[in-house]
Amino acid sequence: MLTGSFKKELSSLEAIFDFVDRFVDTHRLDDINKFALHLGVEELFANMVKHNPEAQNDIGITLERNEHQLLVRLVDTEVEHFDPREVPSPELHHDLEQREPGGLGLFLVKRYFDSIDYNYHGGTSTVTLVKTLEK
Amino acid sequence: MLDIRYNEANEIAISGRFDITQVDKVNEFLAGVDTNATLNFRKLDYISSAGMGVLLATQKRLSQSGHKLKIREMNLHIRDVFRYARFDVIFEIE
Numbered sequence: 689m690l691t692g693s694f695k696k697e698l699s700s701l702e703a704i705f706d707f708v709d710r711f712v713d714t715h716r717l718d719d720i721n722k723f724a725l726h727l728g729v730e731e732l733f734a735n736m737v738k739h740n741p742e743a744q745n746d747i748g749i750t751l752e753r754n755e756h757q758l759l760v761r762l763v764d765t766e767v768e769h770f771d772p773r774e775v776p777s778p779e780l781h782h783d784l785e786q787r788e789p790g791g792l793g794l795f796l797v798k799r800y801f802d803s804i805d806y807n808y809h810g811g812t813s814t815v816t817l818v819k820t821l822e823k
Numbered sequence: 801m802l803d804i805r806y807n808e809a810n811e812i813a814i815s816g817r818f819d820i821t822q823v824d825k826v827n828e829f830l831a832g833v834d835t836n837a838t839l840n841f842r843k844l845d846y847i848s849s850a851g852m853g854v855l856l857a858t859q860k861r862l863s864q865s866g867h868k869l870k871i872r873e874m875n876l877h878i879r880d881v882f883r884y885a886r887f888d889v890i891f892e893i894e
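Order-wise, the sequence lines are chains A and B.
Just so you know, the first sequence maps onto residues 689 to 823 in the numbering used here.
Just so you know, the second sequence maps onto residues 801 to 894 in the numbering used here.
No lab work stands behind these hints: they were computed from the structure.
Wrong hints could be hidden among the right ones.
To be verified - Here are the simulated lysine-lysine pairs, BS3-like style, with alpha carbons at most 25 Å apart:
| no. | chain 1 | residue 1 | chain 2 | residue 2 |
| --- | --- | --- | --- | --- |
| 1 | A | 798 | A | 738 |
| 2 | B | 843 | B | 870 |
| 3 | B | 825 | A | 738 |
| 4 | B | 825 | B | 843 |
| 5 | A | 798 | A | 819 |
| 6 | A | 722 | B | 843 |
| 7 | B | 825 | A | 696 |
| 8 | A | 695 | A | 722 |
| 9 | B | 825 | A | 695 |
| 10 | A | 798 | A | 722 |
| 11 | B | 825 | B | 868 |
To be verified - Looking from chain A toward chain B, a few residues come up when the C-beta cut is under 7 Å (computed):
| no. | residue |
| --- | --- |
| 12 | 698 |
| 13 | 701 |
| 14 | 723 |
| 15 | 727 |
| 16 | 730 |
| 17 | 734 |
| 18 | 780 |
| 19 | 792 |
| 20 | 793 |
| 21 | 796 |
| 22 | 799 |
Stated by the list, open to error - Covered, in the sense of this in silico footprint (three residues per stretch, anywhere, with C-beta under 8 Å from a C-beta of chain A), are these stretches of chain B:
| no. | region |
| --- | --- |
| 23 | 836-850 |
| 24 | 875-888 |
Computed from a predicted model, the values in this text were never measured in an experiment.
By construction, the Cβ of each residue, glycine as well, lies at the ideal position given by its N, Cα and C atoms.
Model the full structure from these sequences, guided by the hints.
This is how it looks when you write it as structure tokens:
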């Protein structure tokens, strides 16, 4: 398990990608899982920065691997309720003129991970992603 | 980290990691494109929804004047994420 704490601003992403890469190297994960972890962590972190920008506390990130699964957990404290599962999926079948990028990030997270869980308690948002490892 | 520049073939080569922190840099470069153009992704390792949003907005802008972006040499992971988002029907991909 690897845990880290990152300042709540987009410029933290450089350090966050390094943090994810350390985890990937330690567990010798393949490029598909590395891509999924980068995407999952970036999209959730960026959402937390955008939706509660006034909250200044660091965001905690935990990465964990067990025999069959990867787990990603982000914890954001002293924030308003924001459940990423409630973000509507984008209209992927629209023509180019009608396509909008909104909602694409969380749609992709749901595509790369098997589950996304949200818990809100006492002003703390916890989002957990789980991805089953292929044998 | 991300680099964007014209290569010897006059394609726009984007390399590195196209995450949300690189949106302004790529937007600024692509704002100077006003005709058909080819993006070369040979050295692009990663793209997130923020990066894809920049490409979508550029394609929409160019389409208003009858032009478009074409993308070449994507790695398999980026090809997958484009397919999931149905960007493979918005962009011509070689």
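Hint by hint, here is what the structure shows:
1. 798/A <-> 738/A: Status holds; Cα separation ~19 Å.
2. 843/B <-> 870/B: holds, 16 Å
3. 825/B <-> 738/A: holds, 19 Å
4. 825/B <-> 843/B: Status holds; Cα separation ~17 Å.
5. 798/A <-> 819/A: The hint holds at about 10 Å.
6. 722/A <-> 843/B: holds, 16 Å
7. 825/B <-> 696/A: holds, 21 Å
8. 695/A <-> 722/A: Distance ~22 Å between residue 695/A and residue 722/A Cα, so the pair holds.
9. 825/B <-> 695/A: Given that 25 Å is the threshold and the Cα spacing comes to 22 Å, the pair holds.
10. 798/A <-> 722/A: holds, 16 Å
11. 825/B <-> 868/B: holds, 20 Å
12. 698: holds, 5 Å
13. 701: holds, 5 Å
14. 723: Result: holds, 4 Å to nearest chain B Cβ.
15. 727: Check passed: Cβ of residue 727/A comes within 6 Å of chain B, closer than 7 Å.
16. 730: holds, 5 Å
17. 734: Interface hint status for residue 734/A: holds (5 Å vs cutoff 7 Å).
18. 780: holds, 4 Å
19. 792: OK, holds: residue 792/A within 7 Å of chain B, min 4 Å.
20. 793: It holds, given that the least Cβ distance between residue 793/A and chain B is near 4 Å, below 7 Å.
21. 796: Cβ of residue 796/A sits 6 Å from chain B, so the hint holds.
22. 799: This interface hint holds because 5 Å falls under the 7 Å limit.
23. 836-850: holds (count 4)
24. 875-888: holds (count 5)
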